[in-house]
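Student: Residues per chain are reported as follows:
There are 2 protein chains.
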Amino acid sequence: MSRPAPVKPPTQIVVLGGGFAGLHLVRGLEKRLHRNEASVTLIDRQNYHLFTPLLYQVSTGELPPHAVAYPLRDATAPAGFHFLQSEVTAVDIERRRVGTADGELPYDNLVIALGSVTNDYGIPGVRENALAVKWLADAERLKRHVLDIFESAATETDIARRRESLTFIIVGAGPVGVELASSLRDLMDHTLRKIYPSIDFHADVAVHLIDSGDRVLPAMDPRLSAIAMRRLEQQRIRVLLNTLVSEIGPGVVQTKDGAQLRARTIVWSGGVKVNPLVPSIDLPKAKDGRIVVDDRFRADGRDDVLALGDAAYFEHNGKGLPQLAQVAVLEAPAAARNLAALVRGEPTEPFVYRRKGDLVALGRTQAGAEFAKLGGLVISGLPAWTVWRVNYLMQLLGVRNRGTLLVEWVLSFFAGRLVANTP
Amino acid sequence: MSRPAPVKPPTQIVVLGGGFAGLHLVRGLEKRLHRNEASVTLIDRQNYHLFTPLLYQVSTGELPPHAVAYPLRDATAPAGFHFLQSEVTAVDIERRRVGTADGELPYDNLVIALGSVTNDYGIPGVRENALAVKWLADAERLKRHVLDIFESAATETDIARRRESLTFIIVGAGPVGVELASSLRDLMDHTLRKIYPSIDFHADVAVHLIDSGDRVLPAMDPRLSAIAMRRLEQQRIRVLLNTLVSEIGPGVVQTKDGAQLRARTIVWSGGVKVNPLVPSIDLPKAKDGRIVVDDRFRADGRDDVLALGDAAYFEHNGKGLPQLAQVAVLEAPAAARNLAALVRGEPTEPFVYRRKGDLVALGRTQAGAEFAKLGGLVISGLPAWTVWRVNYLMQLLGVRNRGTLLVEWVLSFFAGRLVANTP
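So the protein lines, in turn, are chains A and B. Quick note: to get this note's numbering, add 1394 to the position in the first sequence (first position is 1). Quick note: to get this note's numbering, add 1394 to the position in the second sequence (first position is 1).
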């Protein structure tokens, strides 16, 4: 009779962050690891994954908040993984421990997927005087603000004051800024116009989109920029390019060339920077603060620390991959495969990035799409809009969320946006 | 050539409150008044009508908030009526003026439909230490609280503390208390159980329902009380009858007979009292503070002031009609008919109250229904559940809301409740 083999304790895997990178990595681990091989704990300060590409639609009443919030326990519990809702406060690479608001966790393998936060590039007044569109609370705040403004403008008899209160400035003409501006105008033209008969939606309302670059969507194919530009003009959105913002005061955007733009609503969609916890982690960083990883997502060449998503600097053609959901979603399965291999002592494989293309929504039945794998084919109009909708409907996780998304899109399209100013 | 008849200025009608009474009255006026006959202004502090009978389902994640919030401008704008989102601060019956946070409004005809607020019956600590279920903000607060509690209980290793944190006390076994208790248990048994594997839902969780009366649903047919009682027992809800609460402290309910019941969550569904603005209005009141009206809804016999809904005392068989949505919905069309007649100088008609019956939901596929017009027929189980669902689906106003309601009910039934703890 042979002695039973000594039972190896399961490897402790801790994943920091339930954004696109962390969530899709956990889903990858579920497919690749047996329950007795590893104990997986996902930590996030929220109990849900936020589907950020559709967040702007919450601001403009096209979707209710719960459509874009996927419960993280739905991804962990069926797999036998653990979930901890807590704020990560420290990462000790040497002692292999993660500090949280609810105590310390030891790990054997760590995955840093802490994501990014809004970047104000040090411009004074952004945090105090502009609304952000990064988290669900931001989107709900913006929506309530817009509805409040129309409610008070409806009874404002002074034309000058009414027009100032109905001026909206969006700073940053990346995908979030462009999609938000376009959707905001749709909210006005197709829903608010019907219920605010005392407001002249042509003369009284103004939407401005400001960017420091020489075209909208500066990170995308120039043909998409041209499609977006035409559509924004159609929608009577004033686009101010080559315009650098020097300061944002209460109700006023100050530009570098001395102009002052007044608006009751100022939205900041200027970009993102790495999660503020990352600088404190003892790992090599790139110039922009992201954790430098090798082609297997290892930080500092360590097998026990992987980083991916917005918090990681994965070099590709001499630059870091962009901080986009698309990149995180492509990285996560490869990182999960490597992590499972590391747990088993098997060899890891390099990740090869293959860009898929870009999509931008441009309001009712309009969009732009570029397909990298079809030789850079660019389409617009209803076909692109259909691709956009189908793409996000399929990417959204969970039957519950998908059902809500589909129905609310249909209802918002045909029966009008959500304008009850609920708490 | 005859001189043109002098143009009579339109009658100024001001309606206070967009609850069931005010909203359905406005809808009645739309059908009965020509645009040049009267100028109608509806005032509410929210821009939406809250469908209170389904509010408890927001607390228990069966419905998202926007399902039960109907934009009031959807009822006023198409009719050419005005809407003012403001708090009513004063009513001057003599000078025919309404004071609001946004200034004074004169009226020719006033409709007081100011509704009710939570009644704590002077019991100390209710406001500070118990959660209410009257407004949308209450329901969302309760839902977030329940989700937070399960999240922290999931990592609580001390069994005694875990059990105390998972004890829920609902005070008041009227329809709101009964439906909430039953739905809360369904949330646990069908959704939370699957995502909190570390919690023992039989041993660790306790739901208590307390009432001072000798049966649940004391205002309904005793056969409905019996149906509800059986179902609550099936759902392992402990019902404490003949139990008077003397005080509510932080996490503790003190009863008149000296018992102390500890619970992390205490919900107050004890009943309602008239809107606190009503006492300041110079009109005769009933003992419970409601405005006494005659059988044409006239207050103090005045043609220029009608009152209805929870704020009005309409005598029927020697008692005031109950403060229920059902009563307000029956009163409103009759009041609208009389108001249109008053505007035209035509005779008004008395309102005859005909009770329809009662409905109570008792969780998944269970309910009780009593039909007053079918000789008091009482049914239960799946047939009553179907009646309950169809009834509320039809009563809800607006295609947008109805679409959401139907789909979210189906999704919550088959794919689980909404458990993303969104802000």
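Calculated directly from the structure, the hints in this document are not laboratory data. Don't take every hint at face value.
As the list makes no split between identical chains, a pair holds if one copy fits it or if it spans any two.
[What the hints assert, rightly or not] In silico BS3-like cross-links for lysine-lysine, where the CA-CA straight-line distance does not exceed 30 Å:
| id | residue 1 | residue 2 |
| --- | --- | --- |
| 1 | K1402 | K1679 |
| 2 | K1425 | K1681 |
| 3 | K1402 | K1425 |
| 4 | K1588 | K1402 |
| 5 | K1650 | K1767 |
| 6 | K1679 | K1588 |
| 7 | K1750 | K1588 |
| 8 | K1402 | K1650 |
| 9 | K1650 | K1750 |
| 10 | K1588 | K1681 |
| 11 | K1713 | K1767 |
| 12 | K1425 | K1588 |
Student: Each hint should be assessed against the structure and marked as holding or not.
Tutor: Against the structure, the hints come out as follows:
1. K1402 to K1679: neither (35 Å within a copy, 78 Å between copies)
2. K1425 to K1681: Neither, since 35 Å and 68 Å both go past 30 Å.
3. K1402 to K1425: within (21 Å within a copy, 77 Å between copies)
4. K1588 to K1402: Result: close only across copies, 29 Å inter versus 67 Å intra.
5. K1650 to K1767: neither (40 Å within a copy, 74 Å between copies)
6. K1679 to K1588: Classified as neither; 52 Å inside a copy, 40 Å across copies.
7. K1750 to K1588: neither (40 Å within a copy, 36 Å between copies)
8. K1402 to K1650: neither (63 Å within a copy, 59 Å between copies)
9. K1650 to K1750: Neither, since 36 Å and 69 Å both go past 30 Å.
10. K1588 to K1681: Neither, since 50 Å and 44 Å both go past 30 Å.
11. K1713 to K1767: within (21 Å within a copy, 76 Å between copies)
12. K1425 to K1588: between (50 Å within a copy, 19 Å between copies)
Hint compliance for this structure: hints 1, 2, 5, 6, 7, 8, 9, 10 are not met, and every other hint is.
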